[in-house]
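The task is to assemble the complex, starting from two chains supplied on their own in separate frames and drawing on the hints.
For reference, the chains in residue letters:
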Amino acid sequence: MGTMLHHSVRKAAEKTPHKVAFRCMQESLTYQELLSRSTRLAYVLRELGIAHGDRVGIFLNRCLDSPAAVYGILEAGAAFVPLDPFAPASRNAFVLDDCGIKVVISNNSQRRQLAGLLKEAPDLNALVGTALDLSVPQHLVPNQAPLDSTSASRTDPHDLAYIMYTSGTTGTPKGIMHTHFSGLSYAQLSSDVYGVRSEDRIGNHSPLHFDISTFGYFTGPLCGATTVLSTDAHTKLPSSLAQMIEDEKLTIWYSVPLALTQILQRGNLAERNWDNLRWVLYGGEPFPVKHLQTLMQHTPKATWSNVYGPAEVNQCTYHHLSSPPIGDTPIPLGQIWDRTKALVLNSKDQTVDQGEQGELLIHSDTMMQGYWKRPDLTERAFYHDASALKYYRTGDLVHTDEEGRLHFDGRKDRQIKTRGYRVELDEVEAALITCIDLTEAAVFAIKHDGETILVAAIVSSSTEELYEQMVIQHLKKLVPPYSIPARFVRMDKLPRTPAGKVDHQSLIENEKRVK
Amino acid sequence: MSDILIQYLKAEILGDLNEEITPEDDLLGSGLVDSMGMMKFIGFIESEFGFSVPPGDMVIENFMTVAAIESYIKQMTGK
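Quick note, the sequences are listed as chains A and B, same order.
Note that the numbering used here gives residue 485 to position 485 of the first sequence, counting from 1, and the numbers run on in steps of one.
Position in the second sequence (from 1) plus 1000 gives the number in the numbering used here.
Hints in this document: simulated from the structure, not taken from any laboratory.
A hint or two may mislead.
Below, in silico cross-link-like pairs of lysine-lysine (DSS-like), each with a Cα-Cα straight-line distance of 25 Å or less [as the list claims (entries may be wrong)]:
#1 A:Lys477 / B:Lys1040
#2 A:Lys493 / A:Lys512
#3 A:Lys390 / A:Lys102
#4 A:Lys476 / B:Lys1010
#5 A:Lys417 / A:Lys501
#6 B:Lys1010 / A:Lys119
#7 A:Lys417 / A:Lys290
#8 A:Lys301 / A:Lys249
#9 A:Lys249 / A:Lys412
#10 A:Lys477 / B:Lys1010
#11 A:Lys373 / A:Lys102
#12 B:Lys1040 / A:Lys447
#13 A:Lys412 / A:Lys390
#14 A:Lys476 / B:Lys1040
#15 A:Lys417 / A:Lys477
The structure presented is a predicted model; accordingly, all values stated were derived computationally and were not measured.
For reference, chain B alone in the conformation it holds in the complex (with noise of 0.2 Å):
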């Protein structure tokens, strides 16, 4: 799942397939990902996986690291 994350993220939120990343990046920290991007990545995980974020679950916890993301993800499909 991680693979699909990531290469979303470096072609259409960084428009750079050579972009390196890894599960445990800081998305937002780092700089790679701002709050724009942040939406856009939200609502590809929600209609990829097929739910929607609620406002309260969009906290570091879940969004800061492909990792986290992909646990987030996993928590709610059940998958």
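Isolated chain A (complex conformation) (with noise of 0.2 Å):
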């Protein structure tokens, strides 16, 4: 193993130079390929004025063109980015300011979410990968690769390697920091879990800017893997993407749950011949045990395995099933993976007993280092133990049972879980206050058929035949569509406890009786 996450692709290219590393749509970069691209892109990076430790922002849709961006942002030595290109103009713009990001990363197809962007950042600097008639100045890569192209000589491996960006409770996200060592140690613990092979061909669903993108982008590159990117088209066509399984005879599968239920629901799942998959993983929320039990009867060779890991500590735990579960008892988050400690503490920061419950904290080389330009959230985010060793507050509630599995009792907060993705209802509801008319507005989630969809009850003094409409228009400028509300309870007063707090408790329940 290297020192640095990018020097798994350089290993790679001289051992297998004409091994293919990604593919997407029929499309492949083999390891050579990819060294090549990202050292040019590199070479443009340094010339542009990127150093050591500066930020790139990388604005792609699924394709080619992020593995290259991701492995040239490292080759330069600065630390990558992912913008997320469905997410509000306003929203990516934060991001971009947050981070001091002067030059992003993109292509000809973002031509029309870049000129939103460009709207509200006017102090990018430049563009690279784009020809497009915008005001900023734009960057190709050259074909070929300039004789000082040499890469930065600068090894240290607590360096920033990536930052991602994720929900905050105040309206703003907040930027989860990683160095080279600790995503290198993802990779090379999922590598070893998995028993990931030069051979295997793993399928990435996930987007660049979620964490489960690691396990593709990392883990495959370390072990000489071919790792297979699905479209955007494939995440909204289920029956592609089940087909996309079958014909890329992909070996190992990672992705939300959501990714394999629509295939179950209408990807036509009886005509597929998935006999190559041997490992399908699963993250980021709880698998309804229905379908998982009748997904896993369709992969008879396969070993399904929940990963849980907040996108702080990558991943941390995981229970492997080798045949379908029996019954509908929920799925454990499992045991702790190597290199790794947990505390189950309660409120007073004590260790709790086995059985009873806790929130779980978690120690380990997969951490993260903090969050950006945020020492305020970092100290709280940290939990120092007797000898000082530094713990993540991972928020989730668990209980560990009598084989010492740990299972996942809720949240301790407002966030919660909805097709994979972080939503903070505190961030929903402060972003619900500042539509116009609207004076009181409370968020919470329910489940429906297995999934889990965001409610809003709301007051407003419009009469306004469509203002629920006007309501989702203001709220797509400021948060990414999946924490826009699929349902809105128009109310004259929110229902409160005898304490004056707003009683979520009972908006549940209302909202179940309507149901």
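Structure representation (structure tokens):
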């Protein structure tokens, strides 16, 4: 193993130059080509003044430009910051500003979103990879490597490698900082646990701004394996996704449960042969057990694993299933993996007994460095034990069973998961309250057909017939699509507890009665 | 036929008549149409052209671009 994430690509390019590193829509990038493209990109970035420690944005859909961008930025000694092209321009502009990003890598297919982004981000100095009619200087990556394109020589594994942004409670996202060391530790541990070999063909369904993508983007190259990227179109057309898993002869799959349950519901699964799959990993949220059973029956040769870990620690537990689960008991989070320590603490930070509920805290090599430019949040996120060992407070409530496996019991705060994405309900409420004529808002989650959906109770003086549509349009400018409530309930006033707080429990009960 | 499809996309899915859409634009990958929008669009195609789209036909080859959708409709309606 090298000491830096991009060493994986250099090593694989030396050992197996013609092996396919990444594939997308029947197109391939070999390790040699990936190294060449990333080196040329690193050269362009350095010419633009990008130096060690700088942050560079990636504004791309799922395509082969993404791995080249990731490794090009790392080769240049900088850290990559994936932006979500589907997120509102104001949110992406916030990330650019927060991280002090001057250069963004993109391509021509993003022309609409880029035009919107540039209106909100006037400080952006340059785009790389585009040739569009836009007001900002643009640079294409040359086809030939310039002679002096040797890579940055500095190699400190504790250098920042990437920052992933996630919802914050106050209405602005926060950046999770990972180093080469934490990223490589994750790649090494995951390759050990799932026995990843160079023959493996890994299905990467997650967009780059979502932490599950680190498996396809980091573990794949570390093992010299092939990572197959599904496109944004695949996420909307489950039949094509099911076909891709078969046609690409994928051996390992990793996604949120939703991608697989959609295949089950409208993906023509019965006609698909998935016999090449040897391991299916899912994470992000619980898998509805009945769907898991049906899917596992379709893949008798595959081991399935429930993978758990907040983006702050990448992964920290797994639970393997070699045969379909019986009954409808939720699947445990499972056991803590190697090079990782766990604590389960009560509200007074005392260790709880086996079987008792408490908050899960994690210490691991795969752990983040902290939140970008937020020492206040970073300090609150960590706990130091008696020996000054640093643990990340997950905010997840768990208990340990007699066999030492962890089980998920809920959240300590108001963060929920929908379609695998983290949503802070407080952030959605903060966005709602900025709507015109809206005086009060409460957002809560309910289960509907095994899926978590968001409901907003709103109090408004507006008599506008299409008021809810106006609210949705307003929210679209502020929060990502998955944070927009699926249902709106108009109320004269919000129910309150005797202490005067919004009574979320009564709102949830009301909504269940309506359903 | 592509005019009808593009007109519907602009008016009903994007809600912006000034948006430029070409028959070759990647509807799903460029953020033009989301999952819900695609379902709505398929509903429109079914009622407008009088056939139903079986789940197995909802694939990239048939729905990635307006041009792909057009040739799929022609194949289904024999026009």
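Hints, verified against the model:
{"no.": "1", "hint": "A:Lys477 / B:Lys1040", "verdict": "holds (22 Å)"}
{"no.": "2", "hint": "A:Lys493 / A:Lys512", "verdict": "holds (19 Å)"}
{"no.": "3", "hint": "A:Lys390 / A:Lys102", "verdict": "violated (33 Å)"}
{"no.": "4", "hint": "A:Lys476 / B:Lys1010", "verdict": "holds (18 Å)"}
{"no.": "5", "hint": "A:Lys417 / A:Lys501", "verdict": "holds (23 Å)"}
{"no.": "6", "hint": "B:Lys1010 / A:Lys119", "verdict": "holds (22 Å)"}
{"no.": "7", "hint": "A:Lys417 / A:Lys290", "verdict": "holds (19 Å)"}
{"no.": "8", "hint": "A:Lys301 / A:Lys249", "verdict": "holds (14 Å)"}
{"no.": "9", "hint": "A:Lys249 / A:Lys412", "verdict": "violated (41 Å)"}
{"no.": "10", "hint": "A:Lys477 / B:Lys1010", "verdict": "holds (19 Å)"}
{"no.": "11", "hint": "A:Lys373 / A:Lys102", "verdict": "holds (17 Å)"}
{"no.": "12", "hint": "B:Lys1040 / A:Lys447", "verdict": "holds (24 Å)"}
{"no.": "13", "hint": "A:Lys412 / A:Lys390", "verdict": "holds (20 Å)"}
{"no.": "14", "hint": "A:Lys476 / B:Lys1040", "verdict": "holds (19 Å)"}
{"no.": "15", "hint": "A:Lys417 / A:Lys477", "verdict": "holds (21 Å)"}
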